[in-house]
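Given next are the chains, with one letter for each unit.
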Amino acid sequence: MLITGVGSHVGTLLAARLEEDREVEHIVGIDTRLPARTLSRTEWIDADVRDPELAELVPRAEPDTVVHNQIVRQPGPSMSARAMHDINVIGSLQLLAACERAPSIQTIVVRGSAGIYGSEPHAPQFFGEEMTRLFPLRTRFQRDVAEIETYFETYARRHPGVCCTMLRYQPAIGPSLDTQVTRYLSQPVCPTFLGFDPRIQLVHEDDALEALVAAVRNPVPGPVNVAGEGTIGLARMIRLAGRAALPLVSPLFGPLSTAGRRLGLTRLSDDFSRLLRYGRGVDTGRLAQEVGFHARHSTVAAVQAWAA
Amino acid sequence: MNGGDHAIAFMRRLREGLESDLDLPDAVLRGAATLPRDARETAERLIGRLAGEYEEDEWGFDEEFADLVEPLFAFLYDTWWRVGVEGAELVPAHGRALLTANHAGILPWDATMIGMALLREHPLPRHPRFLVLNWAFDLPWISTAIRRLGGVAASPYNAMRLLEEDKLVAVFPEGVKGTAKPYAERYRLQRFGRGGFVEIALRTGAPIVPVAVVGSEEIYPKLADVPPLARMIGAPFFPVTPTFPWLGPLGAVPLPSRWRIEFLEPIETASHGPDAAADRALVLELSERVRAAVQEALLRNLVRRGSAFV
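Taken in order, these protein sequences are the chains called A and B. Counting from 1, position 292 in the first sequence corresponds to residue 292 in our numbering; the numbering is continuous, with no gaps. Counting from 1, position 182 in the second sequence corresponds to residue 1182 in our numbering; the numbering is continuous, with no gaps.
Read the hints as simulated data drawn from the structure, not as lab findings. A few of these clues could be false.
Claimed, not checked - Among the chain B residues that face chain A by a calculated CB cut under 10 angstroms, a handful are: (1) G1052; (2) E1055; (3) N1134; (4) I1142; (5) R1148; (6) A1154; (7) N1158.
Stated by the list, open to error - Every beta carbon over 10 angstroms from chain A, so not counted as near; a handful from chain B, in silico: (8) D1067; (9) A1088; (10) A1184.
What the hints assert, rightly or not - Part of the chain A face toward chain B, derived, beta carbon under 10 angstroms: (11) H122; (12) A123; (13) F126; (14) F127; (15) F193; (16) L194; (17) G195; (18) Q201; (19) M237; (20) V249; (21) S250; (22) T299.
Note that the Cβ used here is the ideal one computed from N, Cα and C, for glycine as well.
Isolated chain B, as found in the complex (with noise of 0.2 angstroms):
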């Protein structure tokens, strides 16, 4: 049977099921029986979210739910995006670890390729935690999208907990500067906060792996910033991008640039103990080596990735 025949038949059942008096769910796991089995599948696991059965972890994290928006993401990364991946075996396979990397995008679309590239190339993959802005989760649906793909809020008692927790992290210490910087200025990146990741870090005694992703700084170029716009929507900025505002919600749906995203040499903390973490030196130090390794491999990969869009 093709795609055509299976909905058919779908349909048909589901009529039948309704006209015998059953609910809808039922009538739709009824019909689900006919299709093949990964749709029928998805369908079942659909029908048994919504009864609540779904596990969702103390963080809010909901795997299954990532598997099933995992399609849209697997689009995203091979067609849209076309991302290419250097140095995924360098994440470390088990125990805590904080990626570093620099952040564009409005969105937090590049943690979920980060993510991508892990569940694709690393052998041993695990669906990392990242931390988001917070304005983020005072947005409705993608705070509650955000929370199930393993997203909190940009706290460092958040980010201290999941490593002691031995989780992956990803962070972008760039922060709100790194996302609201114009197009003109893209892949230069900016100021790494006061170096919190580090101190988090040398705490926890957790490797920092640097992280270098390029192509998400193209997928929302920002031309202008309306501060008064942002102040009446309480966000930090108000981006004016060659398709937002002006397209509305489809102004959302970021351009089709090329990316790279690059794994770089992890960096031990570990041997510092963690009272290292309050000696500003050195965690000025540490701070700086990460972004100028994340500086060199975004230019590096730059270089090799040649045109942006084709």
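Chain A on its own, in the form it takes in the complex (with noise of 0.2 angstroms):
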């Protein structure tokens, strides 16, 4: 078993999860980061996703599982835009190219995100896994995700024998998370455009996790959506997280989300913004009926708990 990015807060939690499963005979973590707390099976690998040296450390750890959870989803105060598309897109080519000279591997789960849908007016109000050419791509981070899903596309075509599970997140909340959606209703205002409210889904982290291990003892081929049950308008999200909705006009938004950013307000990505806007639901029949995996919390619950 071998696990990406397993010094981020899923990570360490699948990880120690995975130890207490008698039928995992070994871990292997690679991350630059420790593991967020002890862990006492898991061999931890200071390396770097986006490393060459990855080319020899896989093959060399001979895994059946890799679950690649090295997907950045926002860039945080210590990353710059460019250094999150360098971990996103030139990670997963590295480790794609490692795993090629790795028979060993049966199976890779990747923890992607439903961001590759977009946020759109026009939306269906539950995206199907195969809906994803239904809109242009606008977003950097869109334009990542799908170049990551298709090299992980182009590797399950050339390896029928692997099991590849593309798991496409809503965002994540939690007590323990430090997520763009978590920063966003931290702040004592939350900026939002005036007259939209659309339904944003989440899933919560305790799902999050969850989903992630039933994915690696059950994995599907295929892409496959991953969220809490139903959705929450934003304006309700706010009110229940307890804070103070700053609604400001659409062509204004930009400019003073990026001076909110001075006055200490955290920074919106250009995906975030949009979601803001227009929303997102995802449909989770798939992981329900295939992977057999049915979130604990509704995206109502997840938010009513974070906020209590």
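With the hints as a guide, bring the two chains together.
Right under this line is the structure:
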């Protein structure tokens, strides 16, 4: 078993969960960050997914399952958009190049993003897995995710014996997470688009982890949406979080939120801005029926749990 | 107490509350105790909404919001448009069904009035979900209100999913051709697209209920179109009516025409089976049958209605 991005919150918890499983013989975790808590059976290797060294490391570990958990969803204070693109695209490319040399691999599970669908005014209320090509790719992150998915699709086609699961996660929320959503809801005021109240769909951090575990145990080929049940209107989400909305007229949203950054408000990526305007919902039928996983928290419950 | 006394008592309690350092919502609640029960319940619900205490289903439909704005629609229904309804009982009381109506009037007022007609006249009323022209979802406020009232973007995926959930769905197959037609062509039905609504009905086995709406085509008499302006704001057309754009936002106030809504005998589709959706000949034939039924009912009701405005 090989896990990239093992130093992230979900990555560490995933390793800890798999350690409990006696059938998992050996776990190798790759990350430049140390795992957030001590792991007993996991071998931590200090390496970067962008590193060509991966081509040696992966075959040597002889993994039967690779979990790619090193996809950065939002540029943080310490990470530029450029670095994020490098990690996501070049990292995936390097990892797959390394996987080519490791014939032991039977399963690859990627913690990808539902950001590939984008946020569109005319979108179906629930994106099914086959609906990625309904709209043009508008943001950098969206193009990156699409590129990553193409790499994995190509790999899966070249290796029919390998089961390649692409999990498309809606944004995650939870008390121990630091994501764009939690940062957004932690601000004193939350900028919104005046007159827009989009439907937002989230996944609770526990479900984000459990869905990953479920997919490792029962991988299915192709993309699978991961989200909590139902959606929540942005206005209601902000109210449940006990925050105040700051409605801005659309043409001024970009400039004003940039100005807000100087005042200590969180930076909103293009993707997130579009999400705040148009929202996004996905269909989770495949996750329930084929992977056999049901999220324990609905979207509303996830927001309530975070606000509590 | 009459209305004025209520208002004074309410303001007095509100001021007392604020002076004793209560938060605004608490003070309003306290003041609301003096109001008659209906008004008090409305006030309490509004306060609850401010705290996020309301429910939306996964489609974004907010039944409480629909109830809160019902008085506005009731006013339009009874007084402004004096809607007359026929055949509401023909709409299935449960299970999936596809209401198929003629479309006019730029904003989906016709959909809201079809909903009101069912709430008033149907023995077992339910809120229909309606498919709305795509560009409405790029407009502030309007997009939000439409979503909360049960509108969704006109995507076949949405229609299929709603019908699979056994909802009552209203579609307007004329689409933008219906809303964009000039006043002189009112009540002349446009082409019903490529019959996509029939395919959806066949695939889901939902009966098609043709609906004729008379009156909606006079509320915004479109005299001209200004394509360059439409391109500028990203709309499919830019209407010029006697009041718009001359009166600004007031130009969006619809004219008080007299309305009639007639629901027609449902056309059953389940017996063809879901595979029949691929049968172009059948799809076009059914589409034409629905169109003819709506057109005929339109003409019949136009005659019955008589004068458009008085």
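Checked hints:
no.	hint	result
1	G1052	holds, 3 angstroms
2	E1055	holds, 9 angstroms
3	N1134	holds, 4 angstroms
4	I1142	holds, 8 angstroms
5	R1148	holds, 8 angstroms
6	A1154	holds, 8 angstroms
7	N1158	holds, 5 angstroms
8	D1067	holds, 17 angstroms
9	A1088	holds, 27 angstroms
10	A1184	holds, 30 angstroms
11	H122	holds, 4 angstroms
12	A123	holds, 7 angstroms
13	F126	holds, 6 angstroms
14	F127	holds, 8 angstroms
15	F193	holds, 7 angstroms
16	L194	holds, 6 angstroms
17	G195	holds, 2 angstroms
18	Q201	holds, 9 angstroms
19	M237	holds, 8 angstroms
20	V249	holds, 8 angstroms
21	S250	holds, 7 angstroms
22	T299	holds, 9 angstroms
The earlier numbered hints are all upheld by this structure, with none contradicted.
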